[in-house]
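Protein chains in written order, with our numbering: chain H, 1 to 317; chain V, 1 to 508.
Heads up, some of the hints might be wrong.
[Unchecked claim] Under the rule of at most 35 Å between Cα atoms (straight-line distance), these lysine-lysine pairs were calculated in the DSBU-like manner: (1) H/Lys-159 x V/Lys-254; (2) H/Lys-218 x V/Lys-254; (3) V/Lys-91 x H/Lys-218.
[Stated by the list, open to error] From chain V, some residues computed to sit far from chain H (all C-beta separations above 12 Å): (4) Arg-120; (5) Ala-228; (6) Thr-332.
[Stated by the list, open to error] Not close to chain V: a few residues of chain H, all C-beta gaps over 12 Å, as computed: (7) Thr-21; (8) Tyr-72; (9) Phe-74; (10) Ala-94; (11) Leu-144; (12) Val-149; (13) Leu-170; (14) Ile-175; (15) Gly-203; (16) Lys-204; (17) Thr-235; (18) Gly-254; (19) Arg-279.
Read the hints as simulated data drawn from the structure, not as lab findings. Ideal Cβ placement from N, Cα and C applies to all residues, glycine included.
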Amino acid sequence: MTLILDEYSLLTVYTAMGIYTLAFVMFAIDMAKRSTSKPVPVSVGSQRRQSDAQGAVATLQETEPPRQPSRYKFERIAFSLVVLGWVFHAAGVALRGMAQSFVPWANMYEFALISSALIVGVFIVIQWWQNLKFLGVYITGFTLITLGVGTVNFYVPVKPLPPALDSYWLIIHVIVASLGTALFAIGAGLAIIQLLQARREAGKKSLALLKTLPDAMKLENLTYFTTVIGFVFWTFTLIAGSIWAERSWGRYWGWDTKEVWTFIIWVIYAGYIHARATRGWRGTRSAWLAIIGFLAVIFNYAIVNVFIPGLHSYSGL
Amino acid sequence: MRTALLLLLLLALAAVPGSLVPQRSSNPNGVIQYFKDNPDLAPILDALQLFDVFTSMWFSSIYLLLFLSLIGCVIPRTAHHLRALRTPPPKTPARLERLPGFSTVETTDTDAAVAIESARTLLRKSGYRVRVFDGANLSVSAERGYLRETGNLVFHTALIGVLFAVGIGGGFTYTGQRVIVEGQPFVNILSDYSSFTPGRFFDESMLPPFRMVLDDFSVEYEQENVNALGFPIDYTADVSVTIPGEPVSRGTVKVNQPLPLLGSDVFLLGNGYAPRITVTDGEGNVAFTDIVPFLPQDANLTSMGFIKAPDALPEQIGMIGFFYPTAGELSTGALTSIHADLLNPLLTLNVYTGDLGIDDGIPRNVYQLDVDGMTQVAGGDTGIEAIKLRPGETAPLPNGLGTVTFEDANPAPSMAKDYADSVLRFATFDITHDPSRGWVLAFALLSLSGLLIALFIPRRRVWVKAIETSGAVRLEYAGLARGYDPGLEPAVNDLQQRHRQQLNIKDT
Ligand code: HEM
Chain H
1 MTLILDEYSL
11 LTVYTAMGIY
21 TLAFVMFAID
31 MAKRSTSKPV
41 PVSVGSQRRQ
51 SDAQGAVATL
61 QETEPPRQPS
71 RYKFERIAFS
81 LVVLGWVFHA
91 AGVALRGMAQ
101 SFVPWANMYE
111 FALISSALIV
121 GVFIVIQWWQ
131 NLKFLGVYIT
141 GFTLITLGVG
151 TVNFYVPVKP
161 LPPALDSYWL
171 IIHVIVASLG
181 TALFAIGAGL
191 AIIQLLQARR
201 EAGKKSLALL
211 KTLPDAMKLE
221 NLTYFTTVIG
231 FVFWTFTLIA
241 GSIWAERSWG
251 RYWGWDTKEV
261 WTFIIWVIYA
271 GYIHARATRG
281 WRGTRSAWLA
291 IIGFLAVIFN
301 YAIVNVFIPG
311 LHSYSGL
Chain V
1 MRTALLLLLL
11 LALAAVPGSL
21 VPQRSSNPNG
31 VIQYFKDNPD
41 LAPILDALQL
51 FDVFTSMWFS
61 SIYLLLFLSL
71 IGCVIPRTAH
81 HLRALRTPPP
91 KTPARLERLP
101 GFSTVETTDT
111 DAAVAIESAR
121 TLLRKSGYRV
131 RVFDGANLSV
141 SAERGYLRET
151 GNLVFHTALI
161 GVLFAVGIGG
171 GFTYTGQRVI
181 VEGQPFVNIL
191 SDYSSFTPGR
201 FFDESMLPPF
211 RMVLDDFSVE
221 YEQENVNALG
231 FPIDYTADVS
241 VTIPGEPVSR
251 GTVKVNQPLP
261 LLGSDVFLLG
271 NGYAPRITVT
281 DGEGNVAFTD
291 IVPFLPQDAN
301 LTSMGFIKAP
311 DALPEQIGMI
321 GFFYPTAGEL
331 STGALTSIHA
341 DLLNPLLTLN
351 VYTGDLGIDD
361 GIPRNVYQLD
371 VDGMTQVAGG
381 DTGIEAIKLR
391 PGETAPLPNG
401 LGTVTFEDAN
411 PAPSMAKDYA
421 DSVLRFATFD
431 ITHDPSRGWV
441 LAFALLSLSG
451 LLIALFIPRR
461 RVWVKAIETS
471 GAVRLEYAGL
481 ARGYDPGLEP
491 AVNDLQQRHR
501 QQLNIKDT
């Protein structure tokens, strides 16, 4: 039974990857079309400012964001595909969990599965708050790489949980770390576009499609908001991890490799938050810090787990 | 701010080598290995304190400077904030139209005084601190979100608390390790530990008096999942504890489930097998009989142990033993254990005679045998096969040196041999005491809650101004936020709408 469920899990994950690939292509087509079509201001920020400038009377106040131009048909198709892919992706996670009757995040493969599922999940949910669909290529691309490496290089059949990992703190620790990672991923994506946009606004040569995206100021604020929520999750990850380490090893902090990197990431993002409040560091420089922070997150996952020995490595590849 | 930022980035950078080079604190064997592998580079790195990054001069200087600047930052800010808490909202700006969320309502349904009074109550109810200004025009100035700064100060101050709790509390900690075989006692005194790491302020009287016997150590193995047959899924150590003046109590220690004992915690870290071995010498005397913990070498508990019989006559005897709980053969013909449980236990012994080198008074590691002064007489290249024993069996040593017996810990009378309890198990315990951890946790959580408040409580100013114009009143609304605040404009609009409702101003 266990093994059958595991196989179904893998099948649904492959299906999800197929659908995400389609979504990736659609997002890419959308980007290409944006590059060629003539610019229409869609930035929420700039429209608001226009109405502000007119000093409109109360009844003219338009708080609803402007409608998506229907020209972004491919974006809408792509986003629907992402949602569909995510349903399979989530089913894959659930089946894997049922196969081993424990939350499926005890090894690298499962961590790849759950963290990418949360990245896509956060990407979907965040659209209610802000339209960030323009990150679609980045998010689906990143997810495909994560799932690809996960299934090809890290896959292990379902195994019972080693006693050392049998802890509620593991569940909390990993889910919060994944949520933090998801928000950092989105924040870094926004920061990258912010950098490109700032270049364009400075009058340098740039991609035409940037004209259809929010302005650099707006992007900076969005980067900040997602990253800062990610930082809260990461702070909690740090605390939950320490509690678990204390319960498991008798010390809450031992500068184990993985702990070192969790700390480094936390400090980089604390630096990012400070940069946002420091003259001369707003804008481009702080955006770089958000990107470096996320690179450290990837490094922590991909390099530290695999190549650098430490206590945490017994979680198994 | 710039100093703090640079020091933070420097701190992140300085921590990186701590993950690339093995650290004495977390991985002492890795450091020894590093010295062996890189004999030229290692001393240079050591001089730069790269094997002790987190206690090094340079790392410490960075974080001490950071915290100095933090203290230097928090104190004046706290003072400033305390003053701000007692200061009423600032004067309404002369011109509101440049400010976020600006809007106007033209009406004849009310007059300025009524409108401002109603705005004042509305804002008050929404948690703003308000102040009415009576200048050229009547206006109300309101501010909320002082908690934001409070949260920020709590966050930073609690970080200082964490540092102090770790720094001071760390001095009172201790950690000791001890291997206990089933049936054996451990007494909580310094000399009964196999290794012990005290904090700076440790004193032996801090060890609480207790005695702990490992009654039973049991392991549960996976039976169903064919991908992981024999995978250990649960370890349980049953202990009985004696505290002076109290009846004996029983307790269990599991992985992730330490046993609290008089302010210390007993953790289960490792386990293995401890065969009982008896050696008689060439003259027929018992030269050695003891339970020997064998150190596990792999996941299936292929284990290695050392037997030293210094009193054996005519010559001292030493043995290097391998124990396989479930012996199996590799394709090369070498033995290995294929399961961690006692399904097919086998002990092999390489035998040496000569000088054990332990008469010179230098203490020797029990987990080591120095064979330099000895001659191998069985196993390896000697041409004589290593001795192989199952529980309960005895074999002669070569050259009439005597005999060796692998005692069965649970001799069963029946013929159907079940090895289940034939060899005792041992467990490795870590006994730690850390009075700082509660403080550290409390400060960390305080810091986290400060962070939440600081990041998510908006600090806003809102103004409503009433300008009387020939028979009508023009109401102006605007706000201002500290930092990024996507909720500001909706909040100002919402205020404007509720204000109109309250004043019964119709939509135009
Ligand atoms: C241990 C070192 C430090 C860490 C980990 C740290 C971390 C943080 C974090 C996470 C925030 C954002 C939370 C908030 O807005 O309240 C923050 C904000 C802030 N920190 Fe620090 N900090 C440190 C040291 C300092 C120092 C030394 C100063 C003094 C110069 C300082 C001044 C500030 C200020 C003024 C803010 C508010 C920024 C804003 O308004 O967005 N911090 N810090």
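- Query: Looking back at the numbered hints, which does the structure fail to meet, lowest number first?
  - Reply: 2, 5, 13, 17, 18 and 19
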